[in-house]
Amino acid sequence: MALTILGLSGALSHDPSAALYIDGKLIAAVEEERLVRDKHAKNRMPYESAKFCLEQAGITPADVDVVAIPFAPISILEKARWHYAKRYWYAPERALDALLAGNRRFYRYYKKIQWCLVQLGFDLKKVKIEPVEHHLAHAASAYLCSGFTEKTAIMGIDGKGEYATTFFGYGENGKIHKIKEFYDPDSLGGLYGAMTEFLGFEMLDGEFKVMGMAPYGDPDLYDLSRLAKFENGELVINTEYANVVGLRRYKEKGKGFYFSPKLIEWLGPKREGDIADDPYIHYAASVQALFEKLSLEMMDYYLGDIIKETGRIAFAGGSALNVKLNQKIIARDEVKELFVQPAAGDAGTAVGAAAYISQRKGVPVEKMEHVYLGPEYTNEEVIAACAKHPGQPQWQKIDNVPEHIAKIMVEGNPVAWFQGRMEFGPRALGGRSIIGCPSIPNVADRINAQIKFRERWRPFCPSMLDTVAAQMLKIDHPSPFMTFTFEVSDEWKERVPEVVHEDGTSRAQVLERQYNPRWYDLMVELEKLTGNGVSLNTSLNRRGEAMVCSPKDALDMFYGSDLQYLIMEDILVVKPQG
Numbered sequence: 001m002a003l004t005i006l007g008l009s010g011a012l013s014h015d016p017s018a019a020l021y022i023d024g025k026l027i028a029a030v031e032e033e034r035l036v037r038d039k040h041a042k043n044r045m046p047y048e049s050a051k052f053c054l055e056q057a058g059i060t061p062a063d064v065d066v067v068a069i070p071f072a073p074i075s076i077l078e079k080a081r082w083h084y085a086k087r088y089w090y091a092p093e094r095a096l097d098a099l100l101a102g103n104r105r106f107y108r109y110y111k112k113i114q115w116c117l118v119q120l121g122f123d124l125k126k127v128k129i130e131p132v133e134h135h136l137a138h139a140a141s142a143y144l145c146s147g148f149t150e151k152t153a154i155m156g157i158d159g160k161g162e163y164a165t166t167f168f169g170y171g172e173n174g175k176i177h178k179i180k181e182f183y184d185p186d187s188l189g190g191l192y193g194a195m196t197e198f199l200g201f202e203m204l205d206g207e208f209k210v211m212g213m214a215p216y217g218d219p220d221l222y223d224l225s226r227l228a229k230f231e232n233g234e235l236v237i238n239t240e241y242a243n244v245v246g247l248r249r250y251k252e253k254g255k256g257f258y259f260s261p262k263l264i265e266w267l268g269p270k271r272e273g274d275i276a277d278d279p280y281i282h283y284a285a286s287v288q289a290l291f292e293k294l295s296l297e298m299m300d301y302y303l304g305d306i307i308k309e310t311g312r313i314a315f316a317g318g319s320a321l322n323v324k325l326n327q328k329i330i331a332r333d334e335v336k337e338l339f340v341q342p343a344a345g346d347a348g349t350a351v352g353a354a355a356y357i358s359q360r361k362g363v364p365v366e367k368m369e370h371v372y373l374g375p376e377y378t379n380e381e382v383i384a385a386c387a388k389h390p391g392q393p394q395w396q397k398i399d400n401v402p403e404h405i406a407k408i409m410v411e412g413n414p415v416a417w418f419q420g421r422m423e424f425g426p427r428a429l430g431g432r433s434i435i436g437c438p439s440i441p442n443v444a445d446r447i448n449a450q451i452k453f454r455e456r457w458r459p460f461c462p463s464m465l466d467t468v469a470a471q472m473l474k475i476d477h478p479s480p481f482m483t484f485t486f487e488v489s490d491e492w493k494e495r496v497p498e499v500v501h502e503d504g505t506s507r508a509q510v511l512e513r514q515y516n517p518r519w520y521d522l523m524v525e526l527e528k529l530t531g532n533g534v535s536l537n538t539s540l541n542r543r544g545e546a547m548v549c550s551p552k553d554a555l556d557m558f559y560g561s562d563l564q565y566l567i568m569e570d571i572l573v574v575k576p577q578g
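Note that the UniProt record's numbering gives residue 120 to position 120 of the sequence shown, counting from 1, and the numbers run on in steps of one.
FYI, nobody ran anything at the bench for these hints, they're computed from the structure.
Note that the coordinates shown come from a computational prediction; the quantities given were computed from them, not determined experimentally.
By construction, the Cβ of each residue, glycine as well, lies at the ideal position given by its N, Cα and C atoms.
Check the hints yourself; a few may be wrong.
Keeping only pairs whose Cα atoms sit at most 20 Å apart, straight-line, the calculated DMTMM-like set for lysine to aspartate or glutamate is [what the hints assert, rightly or not]: (1) Lys-336 with Asp-476; (2) Lys-175 with Glu-297; (3) Lys-112 with Asp-123; (4) Lys-79 with Asp-63.
Ranges between beta-carbon positions, derived for each pair [what the hints assert, rightly or not]: (5) Glu-494 with Tyr-90: 54 to 62 Å; (6) Arg-542 with Gln-471: 46 to 54 Å; (7) Arg-542 with Glu-369: 40 to 48 Å; (8) Asn-379 with Arg-542: 34 to 42 Å; (9) Asp-38 with Lys-253: 20 to 28 Å; (10) Arg-226 with Glu-491: 55 to 63 Å; (11) Arg-542 with Pro-517: 47 to 55 Å; (12) Pro-73 with Gln-471: 51 to 59 Å.
Kindly produce the complete structure, drawing on both the sequences and the hints.
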């Protein structure tokens, strides 16, 4: 009998997703936002994503043994709810609620999941719903998918789950052991999110922008250390300034923020607009430096001995997408390998919860080698989408796609690249990408101005052949998922300047041919033409939109931008000039 487990996330009213394991093999995983075309799909349930997973596997709801959810009730006998109540003393209704009705959010979510399952055709009497603690789901998504067989240090840093915000533990023989958790409001991810809001971006979305802004500033100009400290094994966030609720919140135009008016008194007004200027670039640099310092101190304190023993670390939670922190971790002598779950944010907890239950039922899950786990489309489906589209696309079927597209790129054109199954997680990894030739001057500016309409200081990333990585990047470490930045060697800074950030680093995807042969072969063709087996790679979407999923989405985006070339499988769409 096959063991079939459906993981459903969305407990925290954003980033719902679904993932399906059958006998330890990850068959499908997709974020709801991609299917419903609503970024982060706030306050939705993972209905379309669950439906896709079942269809991809060719099974019905009756075939599912367990539905795993990454949110669980937290006992009043544990420290979490008491800690929350004590730290939020200034908002007594919140504090009392944590003590008297501390699992209300869980029960509300559980009911919504039940409702969603009924809509999908599940019989609630027959299917078992298994709650997994949120941070345990993050931990499982990192450790159980890492493929590490030795004892592994596990870190989870995010905003918050039920009450926990930070997890330190280790994995051994497939079992996860908890060493320490911190609880809301003592959240480093939450502090970074609050500062993201102060710097004028949306929480959950703008953290990457803060990280991209940081290299332009000087972290020593402003000392932000009063915001948080780690002493005697405890993390304490200063809730005079950040991670605040209720009356302590700074409010503007009816919206409340996670920082206080006191922060504004100290640092000046909240940033507005798209310009990265003084003093905000320095604040970004300083908050990034504080985040790195405290993360590394906590890691050393709780996991130092384990890391010295085997050199293996698994990392998840939204903050695991902080590639600058990851660069510092892998630079350490004692670290042999760091596995960062590619969908480290809450979407990845669908994978984690399902993997955790699979392991508990005696079926270990496979190493996560790639993230091409979403929908794919045939040439016929692409042509049908073209026929229906109001843009009246002129299309042609081409042979030898990599060779053809490489020539277009070398002529200086960005291309929308739509191939195979869609990626799971926030990074475009050659399934749904906008690509360009990184040795051509200003191709990044062109993509920014014509297509992405995004802040000019945000970096563009390279995807490269595994044979190139050894020469271009100053460290040898697997990087299939763009979860690390690396120093770029001086020669390559000049060869591919369009994908090197202000601080001389690149957030690289290093390819192995077996997982996406066509994407790899495109780099081979680029190497023949330019000497560099590297492509600029950014996600196929416009600013503020979810990444493209279907041919219709790609065509909508294509006709809503100044892109001229779109390749979907073997079908090339070219806009007429002029």
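In rising order, the numbers of the hints this structure does not comply with:
2, 4, 6, 7, 8, 10, 11
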